[in-house]
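Engineer: Protein chains in written order, with my numbering: chain A, 31 to 376; chain B, 31 to 376; chain C, 31 to 376; chain D, 31 to 376.
Please keep in mind that the hints were generated in silico from the structure rather than gathered at the bench.
Since this is a predicted model, take the numbers as computed values, not measurements.
It cannot be assumed that every hint is accurate.
[Stated by the list, open to error] Computed Cβ-Cβ distance ranges for the label pairs, DEER-style:
(1) D/R287 - C/T289: 26 to 34 Å
(2) C/A338 - D/T289: 49 to 57 Å
(3) D/A153 - C/P313: 32 to 40 Å
(4) D/G315 - A/K223: 56 to 64 Å
(5) C/A338 - D/P141: 20 to 28 Å
(6) B/G315 - C/R101: 32 to 40 Å
Idealized CB from N, CA, C, for every residue including glycine.
4 protein chains.
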Amino acid sequence: MSTIRVAIAGATGYAGEELIRLLLQHPHVQLTCLAASAKWERPTSVAEVYPRFARQLDLPVEALDLGRLARAADAVFLALPHGTAMALVPSLLEAGKRVIDLSGDFRLRDPSLYPRWYRFTHAHPEWLGQDGLAYGLTEFHQEAIKKARLVANPGCYATSILLGVLPLFQAQLIEEGRFLVDAKSGLSGAGRKADTSLLFTEMTENLRAYKVNEHQHMPEVLQELERASETRPLMGFVPQVIPVSRGLISMIYAKTRATPDAIAAAYRSAYPEDRAPFVRVRPHGALPELRDVVGTNFCDVGFQLDPALGYVIVASALDNLTKGAAGQAIQNFNVMHGFPEAAGLR
Amino acid sequence: MSTIRVAIAGATGYAGEELIRLLLQHPHVQLTCLAASAKWERPTSVAEVYPRFARQLDLPVEALDLGRLARAADAVFLALPHGTAMALVPSLLEAGKRVIDLSGDFRLRDPSLYPRWYRFTHAHPEWLGQDGLAYGLTEFHQEAIKKARLVANPGCYATSILLGVLPLFQAQLIEEGRFLVDAKSGLSGAGRKADTSLLFTEMTENLRAYKVNEHQHMPEVLQELERASETRPLMGFVPQVIPVSRGLISMIYAKTRATPDAIAAAYRSAYPEDRAPFVRVRPHGALPELRDVVGTNFCDVGFQLDPALGYVIVASALDNLTKGAAGQAIQNFNVMHGFPEAAGLR
Amino acid sequence: MSTIRVAIAGATGYAGEELIRLLLQHPHVQLTCLAASAKWERPTSVAEVYPRFARQLDLPVEALDLGRLARAADAVFLALPHGTAMALVPSLLEAGKRVIDLSGDFRLRDPSLYPRWYRFTHAHPEWLGQDGLAYGLTEFHQEAIKKARLVANPGCYATSILLGVLPLFQAQLIEEGRFLVDAKSGLSGAGRKADTSLLFTEMTENLRAYKVNEHQHMPEVLQELERASETRPLMGFVPQVIPVSRGLISMIYAKTRATPDAIAAAYRSAYPEDRAPFVRVRPHGALPELRDVVGTNFCDVGFQLDPALGYVIVASALDNLTKGAAGQAIQNFNVMHGFPEAAGLR
Amino acid sequence: MSTIRVAIAGATGYAGEELIRLLLQHPHVQLTCLAASAKWERPTSVAEVYPRFARQLDLPVEALDLGRLARAADAVFLALPHGTAMALVPSLLEAGKRVIDLSGDFRLRDPSLYPRWYRFTHAHPEWLGQDGLAYGLTEFHQEAIKKARLVANPGCYATSILLGVLPLFQAQLIEEGRFLVDAKSGLSGAGRKADTSLLFTEMTENLRAYKVNEHQHMPEVLQELERASETRPLMGFVPQVIPVSRGLISMIYAKTRATPDAIAAAYRSAYPEDRAPFVRVRPHGALPELRDVVGTNFCDVGFQLDPALGYVIVASALDNLTKGAAGQAIQNFNVMHGFPEAAGLR
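Isolated chain A, as found in the complex (with noise of 0.2 Å):
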């Protein structure tokens, strides 16, 4: 099979990091950018950048600049901060090239959300919603993900509450569309950034609650749900930090009367095993523990139902750097080439 030239914008964020470590095993790709801030103006060896790559890649982490991306690539993937995507996508698929986007910024279909939900006003909606354009749930989108110029990478927090309930809705097993997630996530979720509540010395011991119902993870769940069932969904969410690095699980607490036995169908018709590699549904009353998947492109799946309160507690558990990020583009990366979808992430 073929190598594909491969570039990264943003390569000194965490998921910039993490598609280094991914795309170093990867069979089919050549990496031959890795493109961050103006602050890189002067070229610097990853191996400085990044000491553990020492000895496994000779490039230079350098200032991003649109020409050299495009000349040096076929395919880029941008890792970079909400709103600055946006303005590079669009030169880049004229220029003809496949494009993986982790970034919010082409996850909405209906450009209204992105003020309330972003803080800024969409500058391409006519992208948004497009036919070259896949919302990157592998599992749920392979077709659109195809056939795809631009992939819009599902938010860490999405994913793992797509997978846990998606299925669910699409059986019709969740009553009156309601549902509360309870999510806990590593700090690199968080980013690199130079923020004094992100320290060492105030996390480790700690834990705490943040944007309760304010998430921008929220209108991308809703949108996939509203497309994928009849039921307008209502969703309450209370997004957690605790102090592993790594590392991300939604408890799911959805309205039911189903059985043990309805769930586990709709699971298995949503992910079969041959068809659907990285979801690994447990049965009944097993829940995942955040180790289970860390360091894998896996989301692992545990459902147990509460008769007594008509609740089924869900908990989808994944790396939030990998399925959550790196690990999802590169599978959607893999679905647009025609490459095996595991390619690299084993």
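Go by the hints and put chains B, C and D onto chain A.
Structural biologist: Frame of chain A; chains B, C and D shown alone:
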């Protein structure tokens, strides 16, 4: 004011260690006996067992001996495994001692609940629910604790949950008595047990749910809510351990149509600042972090309404070893003896 | 005994926060002013800045104003960045205040050392080494501290190293004055700084050496060893950060032919139990753990001889925010004002 | 190239788990048997024991049975407690198997050292130092490993220390053969043992020295240094555990008068990039962090001279479970079988 001679049985567990730390600063306490398991047949200086207490306390840790306990102390704290205190309490009470029991052995009024939740048959059912016995949720049972000879100190999860929702049940703000609790606890809550699942290497960078809807703190929560309200409460409970040593936070999701003001008023009425020195309720929308309470005897309560779903989110945080165990035990000791409620706890 | 009105300048750093925590419990202190950077132009309640202090202290954090400090307080703790205190101290002293400075600005007697180790030229060299100024290693300079108007509180590493080896230098047990220090510190030692290298995600599961043989605490260690002995000491210093928030341990490797008894005698002579309440020396072969001292004002010292190599290993452990900063500052405050040395520190 | 059938004995310890993780990715390995203690009398699927390996490996964990091992595999990795491998190895060798032993049972050539350092008398002293046995420090014993039927895989501390100083001893740069090692290890190094001193609550925010100058990895370090140089080395060793799960760094303080260039040359000569793919030596003054190597098979070595004291500081970092155990074992397996040295290790 007088000084009380105090013994601790179970001095080598985490709650026992915290009792020592706090009682060392108590102005009206003289520690006279530290008892632990038969393993300590040969008394060993506390400074050898706990080097951190060197120079602060000159007492041996010794094997538990009922006669010795009774001779040495006027009041006894029992920080023993569930099922152990049960056998010791009657003799201590008959000897005229005041007892604060940190185990679950005397928390439930209905003896038939013990086999299901604690897996033992109660040896002294005649004591359960008696007049001289108080359930030691200090903020709600002051009068009973004042008169009690035996205080059943609440469980750590139970304290956190009850301080969060009892005022809302009392004010009849919770619809159908339904609520879910997604709780996260530090690992000291599991005790100083030689169990590989509690090793540093297993739990760093991990999160694990356990005993879903089967945790032994559930029946005391339900019992107290029933005593305080007309409703028959329905509770879902997902306890989880996270990689912190101390601290516990319960996220409580309860069905309500109340306004923020009504909820704030319910808390104000339950916790007047001059009579509930250790519960701090925050304004609507401000949820506590774990670090705000670790190492203190405070329980911090925050809440936020979700009008779309018709829920209130209550976050109730405390240190599981302090307000969730040793601190509340001392608070109860203070009330029993007529000392200022906060003596030794600031 | 009287009560002293006390101000803290630099109340929003980690040392400032620890000063608040400890001074709240001090029987002879009334906190009257919490000053910080210009960012706090609009005074903000301490409970908002530090929710953990809610209900315990009703004071605003406000922008530092010298006149306000002088009016509000009789004694001032300065917990400011290096190079900042220098400019404020003379005015405070002229206004008759007693000052405990936690920065390095007045620790070195030789002004020519500042440019090399601190990268600034000292603005008030006339104050260095003066009579009214004491180096606040409490255990060794009681008399000078009693008379001092200004105490230069030692650095955290310096305190740990000096309490470990100064007695051995005094007793002339170290050959050729040679020793190596391999020190490990918690991350609070680096301050509450918005620096990506201190993020939780960077430091969990990590260890990093820094400023090898270039750390600014070296010259004060050498200065004090020279003052106390005839030798000209030679020191190697490898400071390291480890993933803990508080606590510091120096492993000191010093050339000696002394016997365990001679070393124990040197420590006993330097730290008689009735006059050095906060240094605990262990028997030969028993090295302290970090957890034995965290949260306390103790410095625990252990030692073990290596006769084959002709070395003694000294392990000196303390809490960098307590005995290494705020606790020792209060110890010095107590000595200056004639209070019991341990007031507010148990 | 052919595929080798491989068994792991001791599959439920940390080194065994890491062997599984790595061998799953090895292009020339077929895992055929996972053996553990008698507790696994009833074979249990690996996915049940380690949910993280679900979908990746379909093998049971079963009780160790020598005949079964010999039938199932051509090569056997022994990841068993010290003193256990000793009894199994001769039968496996007689059955023609190749064996890589991760315990200390065959590391020392002098049987008289076992009682002192390992507290057992060696059952098969005739095997120690024989031709078919190699000490598996891959970078230094390639030829012997190629021919070996049994490889004694070095200890984690020993690997780190030897890779740091062996080149300097070979080049005769260390004076009087004297050096001190202040080493810090993650807690997985202590194994998956039900020991309260290894609990999360004991070790978070802690550091503990242990087995000072008595650790069992000392004699293998001394043995190898003597074999490689004329000097009789003198070593001081202070092993410490820090709150990380994986990773080990040895700070080595060695007497020298060498220049930076001479030291760099010694390393270049010992580790030519094309023949030592897993040792990365940094330029003078650049010491590695733990995170640069965790999860990899690299050993990163940095050094800095201290001319005043006449010392070189060598920092040698590796992942104790990878290069310090399972990774190096696979490196040795590769050399034994003529596979590329890095097969399965990138």
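Engineer: If you check each hint against the structure, which ones fail?
Structural biologist: Hint check: 2 and 4 fail, others pass.
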